[in-house]
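Trainee: Read off the chains here:
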Amino acid sequence: MKGIDLRLALPVLSLAVLLGAVFWMQPRAMSYTGLNLLFNLAVPIALATIAQMLVIMVDDIDLSIGTYVSFCACVTATLLHDTPVVGILVLAAGVGVYAALGALIELQKLPAIVVTLGMSFVWGGLAVLLLPAPGGASPDWITTIMKARPPLMPMAIVACILLALASHLLVTRSAMGTLLRGVGGNARSVARAGWSVVRLRALAYGLAGVFGVLSGMALVGLATSADANIALRYTLLSIAGVILGGGEFTGGRVSPVGAVIGALTLTLAGSFLTFIRLSPDWQIGAQGVILILVLAARLLVRRRRTA
Amino acid sequence: MIGPTVTRPWFWAFAAAAVTFAATVALTGSQGGVELLMATLTFASFSVLVGLGQMAVITMGPGNVDLSIPAVMTLAGTLSLKLMNGAAGMEIWGLLAALAIGVAAGAGNYALIFLLRIPPIIATLSASFVFQSLAIWSNRGLRIKPPDSLAGFSTGASLGLPNLAWIALVAAMAFWLLIERSAYGRRLSAIGQNLRAARLAGIPVEGVRAGTYVLSAAMAALAGFLLSCFSGGAALNMGAEYLLMSIAVVVIGGSSIAGGNSNVPGIWGAAMFMFLIVSMLNSYGLGAGVRLVLTGVIIIGIVTAASGRRLPG
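The listed protein sequences correspond, in order, to chains A and B.
Its first residue numbered 101, the first sequence is counted upward by one per residue in my numbering.
Its first residue numbered 128, the second sequence is counted upward by one per residue in my numbering.
Calculated directly from the structure, the hints in this document are not laboratory data.
The C-beta atom is built at its ideal place from N, Cα and C for all residues, glycine as well.
A hint or two may mislead.
Said to hold, decoys possible - Distance ranges between label pairs, derived from CB positions:
#	chain 1	residue 1	chain 2	residue 2	range
1	A	S274	B	M300	53 to 59 Å
2	A	R333	B	A227	28 to 34 Å
3	A	I245	B	G414	31 to 37 Å
4	B	E368	A	L378	24 to 30 Å
5	A	S274	B	L296	35 to 41 Å
6	B	A150	A	M125	38 to 44 Å
As the list claims (entries may be wrong) - To be clear about the criterion: a stretch of chain B counts as covered by chain A if any three or more of its residues have a C-beta under 8 Å from a C-beta of chain A, and this derived list gives those stretches:
#	region
7	245 to 255
8	284 to 297
9	314 to 323
Claimed, not checked - For lysine to any residue, the following SDA-like pairs were computed, each having C-alpha atoms within a straight-line distance of at most 20 Å:
#	chain 1	residue 1	chain 2	residue 2
10	B	K209	B	L226
11	A	K247	A	A233
12	B	K209	A	D381
13	A	K209	B	G359
14	B	K209	B	K272
15	A	K209	B	W220
16	A	K209	B	K209
17	A	K247	A	L270
18	A	K209	A	N140
19	B	K209	B	G188
20	A	K209	B	A238
21	B	K272	B	W220
22	A	K209	B	A432
23	A	K209	B	L226
24	A	K247	A	G306
25	A	K247	B	G428
26	A	K247	A	L303
27	A	K209	B	L223
28	A	K209	B	K272
29	A	K209	B	G188
30	B	K209	B	G359
31	A	K209	B	A385
32	A	K209	B	I384
33	A	K209	B	E218
34	B	K272	B	E218
35	A	K209	A	G306
36	A	K209	A	I261
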């Protein structure tokens, strides 16, 4: 239990430090509107991070999540907007493909990194076919949800808290989540205990597909239109978010709450760099440096724990 | 025992390349064949150079992958062209500068992995952000042409083969010797097969890892240098497609993504295949979207087919 607490302490701390720095430089950010602006884009990134986490949880990695979210965004902005029934069917088919990939990877013992790499071409191609030029429109109900202004807290924060709670219940508390983490920890022993690892891996990928769809929808709700490259950076962002949140690449050791906080930290790092008026040349580099600093801090925390 | 398991994946990459070549020539006619072959050899060279470095890294086992290749390519191409500034007589300094940038970037990557104990994926990813920023900052939209001698060399041919293909062939042979015949290669495979056992056997694990990350970055820098000479200048996005490419050629070429087993000839087969597949789909007049989808489906198909043969039962 203590281990879990420490695992979470660092993501929370890094988010708090960044948030403190932002408030110190721009006190006006400490308001409903300010927070909303800061964390607006966090919701789709957090959803994509959870999707990535579900795949990392079973010891794989998904290099196609960015193109998949782009594809889902394109479907949402075109098919789901114009002919909702077709749109829902296509998105459901996408989730089906994800589940099938999980089964294929387990059945043939394929390297997930290559299969998802190949799929990134497929999703990218489908997105270009659907939406050759940027455009489309967000379905009204999605815009309404994403732009809602609930009392007390901005929508982005409410959504992230709900997401953290839901994925915590799903992954950490439920019997299914325990089994899935078991696949990441020791797939053979799960199989020996009589479970079908093919089904479990398909389930993990299918769930990742569902969160990918949600991420695409949320993104369109915020951006009000889509294009085929809208979420390409999510692949790397989501991996970084999972690791920042205390997850590890092997052994099914992941933290859903940490992953959401990791995604928030990455979003905030972007806003923070805009606030300090850093030259755009150095923005990407500074994000790299922030990532390195947080990981260095994690090392210090770990050293102290083992000492 | 090792013979058949190694040659089989090697064979599949070349077979796939041959089939796509035949399918393209069947459409364009035989007179287009030589041109297509030359173009294939030229463009495959870049993928081979980055693929060889990536292969050495991936051989070290799960989690080892170099995501900084595109950024290192861009940085080395940009800075070396800036140093040469199009002047004759500076070629060797440009090349040395590019390689030095590669070595420094590789050392930086490894320092992060070793000092921070973070997974190489995250280390090389964070480092690549910094490299990318350096390239953006030093490039600033200005476009410097390479010296004429280098532009001529990188687009020219000798003894019937493109010069770039000669370089990539020599590099592949050097890697083959390094991996199959040298102590370094044995150590590399041993680390990939079982890190703990390698460490207990007294292999200088950290030294080999450091050397491998430096090697990969140096190969990326060389590829970036040649690519910017070949295309008449460095562009900020010039490395972008080589991230996926470097991983794809390693795996399609038959090296084990789980590490411990590398395959040098397969890199050439896979690199030619990856170029040919795009030109085949192009010559069949398919749009960008369909082309991407088919490329992805074919990659997954090949990996599935190859793995089915590699793991009987």
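Trainee: Each hint should be assessed against the structure and marked as holding or not.
Mentor: Evaluated hints:
no.	hint	verdict
1	A:S274 x B:M300: 53 to 59 Å	holds (55 Å)
2	A:R333 x B:A227: 28 to 34 Å	holds (30 Å)
3	A:I245 x B:G414: 31 to 37 Å	holds (35 Å)
4	B:E368 x A:L378: 24 to 30 Å	holds (28 Å)
5	A:S274 x B:L296: 35 to 41 Å	violated (55 Å)
6	B:A150 x A:M125: 38 to 44 Å	violated (60 Å)
7	245 to 255	holds (count 8)
8	284 to 297	violated (count 0)
9	314 to 323	violated (count 0)
10	B:K209 x B:L226	holds (14 Å)
11	A:K247 x A:A233	violated (25 Å)
12	B:K209 x A:D381	holds (18 Å)
13	A:K209 x B:G359	violated (43 Å)
14	B:K209 x B:K272	holds (9 Å)
15	A:K209 x B:W220	violated (47 Å)
16	A:K209 x B:K209	violated (47 Å)
17	A:K247 x A:L270	violated (26 Å)
18	A:K209 x A:N140	violated (40 Å)
19	B:K209 x B:G188	violated (37 Å)
20	A:K209 x B:A238	violated (33 Å)
21	B:K272 x B:W220	holds (16 Å)
22	A:K209 x B:A432	holds (12 Å)
23	A:K209 x B:L226	violated (38 Å)
24	A:K247 x A:G306	violated (28 Å)
25	A:K247 x B:G428	violated (43 Å)
26	A:K247 x A:L303	violated (31 Å)
27	A:K209 x B:L223	violated (43 Å)
28	A:K209 x B:K272	violated (47 Å)
29	A:K209 x B:G188	holds (16 Å)
30	B:K209 x B:G359	holds (13 Å)
31	A:K209 x B:A385	holds (11 Å)
32	A:K209 x B:I384	holds (11 Å)
33	A:K209 x B:E218	violated (47 Å)
34	B:K272 x B:E218	holds (12 Å)
35	A:K209 x A:G306	holds (18 Å)
36	A:K209 x A:I261	violated (36 Å)
Checked against the numbered hints above, the structure violates hints 5, 6, 8, 9, 11, 13, 15, 16, 17, 18, 19, 20, 23, 24, 25, 26, 27, 28, 33, 36; every other hint is satisfied.
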